[in-house]
Amino acid sequence: MKKKLMDILACPIDKYHPLELHVFEEKDEIVEGLIVCPKCLRWYPIRDEIPEMLPDGLRKEAEDLPFLKKWQASIPEKIVKEGKPFHLKQ
Amino acid sequence: MKEEKVRKMVRERYGKIATSEKCCCGCGSEVSESVGYSRVELDSVPEGANLNLGCGNPVALASLKEGETVIDLGSGGGLDCFLAAKKVGAKGHVIGVDMTPEMLDKARKNAKKGGYKNVEFRLGEIENLPVADGIADVVISNCVINLSTDKQRVFNEAFRVLKPGGRMIISDLVLLKNLPTAVKESVEAYVGCIAGAEKKTEYIEQIKRAGFQQVQIVKETPLPEEMILDDPNAEALMKEHNLNKKNAKEILDSVVSVKISATKAQN
Numbered sequence: 008m009k010k011k012l013m014d015i016l017a018c019p020i021d022k023y024h025p026l027e028l029h030v031f032e033e034k035d036e037i038v039e040g041l042i043v044c045p046k047c048l049r050w051y052p053i054r055d056e057i058p059e060m061l062p063d064g065l066r067k068e069a070e071d072l073p074f075l076k077k078w079q080a081s082i083p084e085k086i087v088k089e090g091k092p093f094h095l096k097q
Numbered sequence: 113m114k115e116e117k118v119r120k121m122v123r124e125r126y127g128k129i130a131t132s133e134k135c136c137c138g139c140g141s142e143v144s145e146s147v148g149y150s151r152v153e154l155d156s157v158p159e160g161a162n163l164n165l166g167c168g169n170p171v172a173l174a175s176l177k178e179g180e181t182v183i184d185l186g187s188g189g190g191l192d193c194f195l196a197a198k199k200v201g202a203k204g205h206v207i208g209v210d211m212t213p214e215m216l217d218k219a220r221k222n223a224k225k226g227g228y229k230n231v232e233f234r235l236g237e238i239e240n241l242p243v244a245d246g247i248a249d250v251v252i253s254n255c256v257i258n259l260s261t262d263k264q265r266v267f268n269e270a271f272r273v274l275k276p277g278g279r280m281i282i283s284d285l286v287l288l289k290n291l292p293t294a295v296k297e298s299v300e301a302y303v304g305c306i307a308g309a310e311k312k313t314e315y316i317e318q319i320k321r322a323g324f325q326q327v328q329i330v331k332e333t334p335l336p337e338e339m340i341l342d343d344p345n346a347e348a349l350m351k352e353h354n355l356n357k358k359n360a361k362e363i364l365d366s367v368v369s370v371k372i373s374a375t376k377a378q379n
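Sequence order for the protein chains is U and E. Per the working numbering, the very first residue in the first sequence carries number 8; after that it's consecutive. Per the working numbering, the very first residue in the second sequence carries number 113; after that it's consecutive.
Please note: incorrect hints may appear among the correct ones.
Facing chain U, a subset of chain E residues (Cβ under 7 Å, in silico) [as the list claims (entries may be wrong)]:
#1 Glu214
#2 Leu216
#3 Glu232
#4 Arg234
#5 Pro242
#6 Val243
#7 Ala244
#8 Leu291
Using 25 Å as the maximum straight-line C-alpha spacing, the simulated BS3-like pairs for lysine-lysine come out as follows [stated by the list, open to error]:
#9 Lys203(E) with Lys9(U)
#10 Lys10(U) with Lys198(E)
#11 Lys311(E) with Lys120(E)
#12 Lys10(U) with Lys199(E)
#13 Lys117(E) with Lys67(U)
#14 Lys117(E) with Lys10(U)
#15 Lys10(U) with Lys289(E)
#16 Lys11(U) with Lys225(E)
#17 Lys9(U) with Lys229(E)
#18 Lys22(U) with Lys34(U)
#19 Lys9(U) with Lys361(E)
#20 Lys351(E) with Lys361(E)
#21 Lys296(E) with Lys120(E)
#22 Lys311(E) with Lys9(U)
#23 Lys311(E) with Lys117(E)
#24 Lys22(U) with Lys275(E)
#25 Lys177(E) with Lys289(E)
#26 Lys358(E) with Lys9(U)
#27 Lys199(E) with Lys67(U)
DEER-style ranges, computed between Cβ atoms [to be verified]:
#28 Lys203(E) with Val38(U): 37 to 47 Å
#29 Gly246(E) with Asp63(U): 19 to 29 Å
#30 Asp245(E) with Lys9(U): 14 to 24 Å
In case anyone wonders, no lab produced these hints; they're calculated from the structure. By construction, the Cβ of each residue, glycine as well, lies at the ideal position given by its N, Cα and C atoms.
Turn these sequences into a full structure, and let the hints guide you.
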């Protein structure tokens, strides 16, 4: 994903814009990262350069939680502990 | 039919199509040419971008200008995005949204192959677009909205993301009369783009209800016969429901491909 895309990204649930971007790995484009909606605390992974902006019903906990765990240290605590649709148990 | 079940089936089916090179409604570039792509256009995009899943060529009708921002609902292998990308040029943007990870993966690889710098893909649902309000000049979609179980919401979302004065150009399948119940209830037929198709009048009403003006059917064409008669999925479906070629022809006659344009008024 290119950083510039943030100009037009909105949360698919509450349509909030602008969203927060956390970059974990960057080459020509952002390879891995996290997009956060500051309004509803939903987080969306960027994996393999693709921002995954799916609504809750299409998310897979078994794939998303390990991602959160992997980058835990680089993600704001509030998202790690309270983020939607999934967060890490205390 | 349960909405969740349909959505899951659609994702699974199109995921498989993306990875197996198989297609759903009719195969071969002949079908693509018959629905409105020129040979030159088809040859201009990376191999694999055209999965022959479309039923029109919305980009050809959209009169895209340089610098415009285009959103493609259900971008699949990326064909329409790539054609749009050429028209809007380096200052423009094309954003493809698709809910099937395998499709996005394919589209992204195709974008790399073709060296497209102004195309971005994202995983998302067309009923819940991850796009800010009022940023798009044009929304396009090709034979996808019929798969949605909540078409009104798709049109509402398209309207929301358009700038005032923006336009929507879509190709889709719609019905002229009701389908036989067995077909209507078949999930197989749904993913094959038919059972999910809406009555034409209702489809147009929904677009108007979303707020669009100047809603026009630019073109209405019967389905290419090979789209159903030579399609292995359709054949299996016909067998399952004891339908013969005559029934199939009846079904074929009740479905048409339409190209629709609509605009969002300038404030």
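Now for the hints, and whether the structure bears them out:
1. Glu214: 11 Å, violated
2. Leu216: This hint holds: Leu216(E) lies near chain U, its Cβ roughly 6 Å from the closest one there, short of 7 Å.
3. Glu232: Status holds, d = 5 Å.
4. Arg234: 5 Å, holds
5. Pro242: This hint holds: Pro242(E) lies near chain U, its Cβ roughly 3 Å from the closest one there, short of 7 Å.
6. Val243: 6 Å, holds
7. Ala244: 4 Å, holds
8. Leu291: Violated, because the Cβ-Cβ distance from Leu291(E) to chain U comes to roughly 27 Å (cut-off 7 Å).
9. Lys203(E) with Lys9(U): 14 Å, holds
10. Lys10(U) with Lys198(E): At roughly 21 Å apart (the allowed maximum being 25 Å), Lys198(E) and Lys10(U) satisfy the hint.
11. Lys311(E) with Lys120(E): Holds, because 23 Å separates the two Cα atoms, which is no more than 25 Å.
12. Lys10(U) with Lys199(E): 23 Å, holds
13. Lys117(E) with Lys67(U): 16 Å, holds
14. Lys117(E) with Lys10(U): 35 Å, violated
15. Lys10(U) with Lys289(E): Cα-Cα ~47 Å, so violated.
16. Lys11(U) with Lys225(E): Holds, at about 21 Å.
17. Lys9(U) with Lys229(E): 10 Å, holds
18. Lys22(U) with Lys34(U): Not OK: Lys22(U) and Lys34(U) at ~29 Å, beyond 25 Å, violated.
19. Lys9(U) with Lys361(E): 48 Å, violated
20. Lys351(E) with Lys361(E): 14 Å, holds
21. Lys296(E) with Lys120(E): Within the cut-off at roughly 17 Å; holds.
22. Lys311(E) with Lys9(U): 40 Å, violated
23. Lys311(E) with Lys117(E): Within the cut-off at roughly 22 Å; holds.
24. Lys22(U) with Lys275(E): Given that 25 Å is the threshold and the Cα spacing comes to 15 Å, the pair holds.
25. Lys177(E) with Lys289(E): 37 Å, violated
26. Lys358(E) with Lys9(U): With a Cα-Cα distance of about 52 Å, the restraint between Lys358(E) and Lys9(U) is violated, given a limit of 25 Å.
27. Lys199(E) with Lys67(U): Violated, at roughly 37 Å.
28. Lys203(E) with Val38(U): 37 to 47 Å: 25 Å, violated
29. Gly246(E) with Asp63(U): 19 to 29 Å: 25 Å, holds
30. Asp245(E) with Lys9(U): 14 to 24 Å: 21 Å, holds
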